[in-house]
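There are 2 protein chains.
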Amino acid sequence: MNVEVVTIGDELLLGFTVDTNAAHLARELAAAGIGVARRATVGDEPAQVAAAVMEALDRTGAVITTGGLGPTSDDLTKPSIAALFGRAMKFDEAIWEELKIRWKSYRWPGGIPESNKQQAMIPEGAVILKNRHGSAPGIWLEDERSPMPRWVAMLPGVPREMRGMLADELLPRLRALTTGTPNVIVSRTLRTIGIGESALADLLGPLAKGPKGLPLAYLPSVEGTDLRLTSRNASAADAAHALDAGAAELRAVLGAYVYAEDKTDLAAVVLGLLRSRGLKLAVAESCTGGMLGARITAIAGSSDVMLGGVIAYAEEVKESQLGVSAGTLRGYGAVSEETAREMAAGVCARFGAEVGVGITGIAGPGGGTPEKPVGTVCLAVSSGGAVRSTKVQMIGDRDEIRRRSAQAALNMVRRALSETS
Amino acid sequence: MNVEVVTIGDELLLGFTVDTNAAHLARELAAAGIGVARRATVGDEPAQVAAAVMEALDRTGAVITTGGLGPTSDDLTKPSIAALFGRAMKFDEAIWEELKIRWKSYRWPGGIPESNKQQAMIPEGAVILKNRHGSAPGIWLEDERSPMPRWVAMLPGVPREMRGMLADELLPRLRALTTGTPNVIVSRTLRTIGIGESALADLLGPLAKGPKGLPLAYLPSVEGTDLRLTSRNASAADAAHALDAGAAELRAVLGAYVYAEDKTDLAAVVLGLLRSRGLKLAVAESCTGGMLGARITAIAGSSDVMLGGVIAYAEEVKESQLGVSAGTLRGYGAVSEETAREMAAGVCARFGAEVGVGITGIAGPGGGTPEKPVGTVCLAVSSGGAVRSTKVQMIGDRDEIRRRSAQAALNMVRRALSETS
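If you read the protein sequences in the order shown, they are chains A and B.
Just so we're aligned, residue 116 is where the first sequence starts under the numbering used here, counting upward by one.
Just so we're aligned, residue 116 is where the second sequence starts under the numbering used here, counting upward by one.
No wet-lab data here; the hints were simulated from the structure.
Bear in mind that the values here come from a model prediction, so they are computed numbers and not experimental data.
Just to be clear, a hint being listed does not mean it is correct.
Note: identical chains are not told apart, hence a pair may lie in one copy or across any two.
As the list claims (entries may be wrong) - Here are the simulated BS3-like cross-link-like pairs (lysine-lysine), alpha carbons at most 30 Å apart as the crow flies:
1) K487 - K232
2) K487 - K245
3) K215 - K487
4) K324 - K215
5) K395 - K487
6) K219 - K506
7) K378 - K327
8) K324 - K378
9) K232 - K245
10) K506 - K324
With these hints in hand, go ahead and build the complete structure from the sequences.
Written out as structure tokens, the structure is:
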């Protein structure tokens with residue numbers, strides 16, 4: 116089964132909002148064996164919405180829309196698509212009652228705003244898709260006159276609401292529709308770090324286009340290069356088997372360049388290594404300003420390993436809170452391997468951690484010199500009484516330099532722990 | 116002038132990558148007076164690419180593609196589109212020489228990989244768009260046989276490369292094409308915090324659909340609700356004038372709910388308030404784990420205000436590094452207004468800052484209790500010798516709760532500074 120996705124909103128078309136819904140929808144649909152044949156984005160214009168949905172229906176017969184169901188002036192998806200199916204709009208008392216109850220719980224003075232009445236208007240003959248996370252209900256509209264399946268599912272544009280409705284309401288409905296068509300699309304990603312896209316292709320040689328006939332995609336980012344294998348198969352078990360075999364061939368060539376599979380974050384890998392050894396971690400961050408700590412603590416359950424850290428943005432904080440010596444700061448500068456080493460050792464000593472990280476660098480856009488240009492970053496890891504350090508030249512803008520720095524620091528911890536295991 | 120955008124890649128269609136290029140392209144084009152009439156996303160299939168580009172050419176005559184120009188097996192954009200224009204592919208020696216020079220600077224052992232030769236293949240009659248940030252050149256292909264303008268611009272998929280090529284090569288070319296068609300689309304965003312989407316619409320009353328006939332879009336996120344006004348006008352000056360007048364009407368109703376315009380981050384607003392008063396800032400973060408520090412230091416030039424902070428993730432760190440009393444932790448718990456207050460006051464004292472922030476909460480998914488459910492967050496701001504605090508219930512998942520907490524803490528600093536000014 117294939118569907119097309121139409122995402123609706125001037126904010127998407129004008130680029131003020133990045134379309135994360137489309138990506139989430141595609142992943143969830145693929146896992147249910149449903150392919151996305153094409154995606155389109157149109158603005159908040161009834162004629163545009165109608166044209167895009169009609170073309171998609173003519174090609175594929177199955178369309179999911181996001182957006183344009185909210186309580187404000189952007190509303191237009193329901194009437195535009197109702198007109199395509201020759202349906203009138205009617206006011207639904209039951210939805211209105213539910214909205215009123217929901218608003219009571221908000222304790223908003225004056226009760227539910229009148230502008231929300233629009234949310235209780237639905238096309239005749241529509242099935243309501245409940246919204247547990249917000250007030251705008253979704254709509255399932257089917258063309259019974261058509262000899263072929265022909266339907267549109269309308270989901271809200273707010274990501275949390277869209278995700279909940281997809282999981283609770285739409286996917287069960289689609290699974291029921293697709294029973295008997297066991298075409299499964301499954302992917303597996305090998306995450307690499309420390310090697311670029313072309314060099315990976317060369318290292319892989321005859322495997323570069325994919326092992327065992329499975330297509331291989333190269334996805335570079337500030338976190339490294341991900342390699343994604345995709346299998347289309349009759350059953351989930353066959354697909355998993357093909358991916359196992361393909362991933363094993365790639366791993367045999369790539370060795371320690373691979374740090375994880377699928378969406379696993381390098382921070383989670385590092386937390387796992389520390390946890391298995393019973394070690395506690397603390398971080399000392401200058402140019403990353405807390406980003407490494409935020410990465411690590413983004414992972415639920417990190418508190419059994421992560422003690423915390425010091426954001427030593429100002430030079431005096433490196434001295435007073437981490438014990439970096441004034442001589443080191445004067446002699447080598449705040450951005451130096453020597454300072455990074457004292458930051459890592461200092462945060463270990465003050466926090467009682469076995470493993471400490473130090474990061475200091477020039478994220479730019481200002482502050483560079485000929486000797487230490489923007490992107491110069493010094494990293495250190497203190498572990499088992501030894502401190503190792505390195506100086507690297509990062510590329511990219513301020514945000515990329517900071518993100519690459521946090522990722523490189525995590526990789527240093529991974530390597531230090533692997534070597535001493 | 117209108118264009119259509121076709122973004123290419125299985126990783127986009129399958130949802131493994133979020134399409135940030137499309138949003139960036141749209142914003143930059145709008146600022147140059149060029150509208151995006153529609154956007155489509157197709158997978159790495161030559162037939163899909165050809166079909167989507169052909170349909171877009173038939174509708175609009177002007178198409179920008181991203182993706183499928185890389186050195187690996189995903190390459191397919193150039194030959195698919197060359198075939199539409201009846202052009203053969205040829206090997207370009209000059210591009211190959213430039214690629215070889217670029218690879219020398221990488222100092223990669225063995226020199227340029229042979230797999231990069233594909234990047235030197237270009238359609239006959241194509242104009243090369245230079246890539247300062249990567250190795251894949253872009254392509255401009257024009258159909259001289261057509262009586263109407265009919266062209267495709269092919270940009271790389273890697274965001275940094277796409278952005279550079281758009282600014283350096285494509286926008287100057289499009290500006291030259293559009294001379295004499297002064298239809299400008301400009302937007303302005305008022306960023307609000309502390310009030311929801313429907314409540315904003317009700318508060319605005321007759322202005323809810325937009326002041327002075329300018330369409331108004333409501334864009335809720337974890338940072339608050341942005342209100343975007345859009346003006347289409349004959350000249351940039353007329354558009355700016357219309358936006359000035361519209362924004363002034365909205366501001367008169369919304370007052371202090373508005374914290375900034377356009378893309379200005381709340382952290383930048385807070386830094387500006389602190390800077391103008393000559394005050395230094397330090398942060399003490401528990402559940403946000405460094406995220407607030409990262410937000411603040413993401414802004415270039417923050418070092419004249421931001422001293423740093425303590426990531427006090429473990430309870431003992433709150434005591435040892437911030438001086439939170441054992442009695443407070445035992446009596447009220449780590450997640451309490453009392454603890455948040457001592458964190459804010461403690462980080463001020465230890466860092467020598469005039470303004471300090473304390474954040475402690477339960478980001479989940481575990482750790483909630485009936486008295487303190489997941490999403491319970493206590494915030495405190497120490498400023499001018501006084502400490503104010505609050506306890507809030509945040510909605511969303513772990514990441515949303517953390518992001519809302521950092522944003523709410525920044526807003527507390529903004530309000531504390533505004534009230535004492």
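Determine which of the earlier numbered hints do not hold for this structure and return their numbers in increasing order.
1, 10
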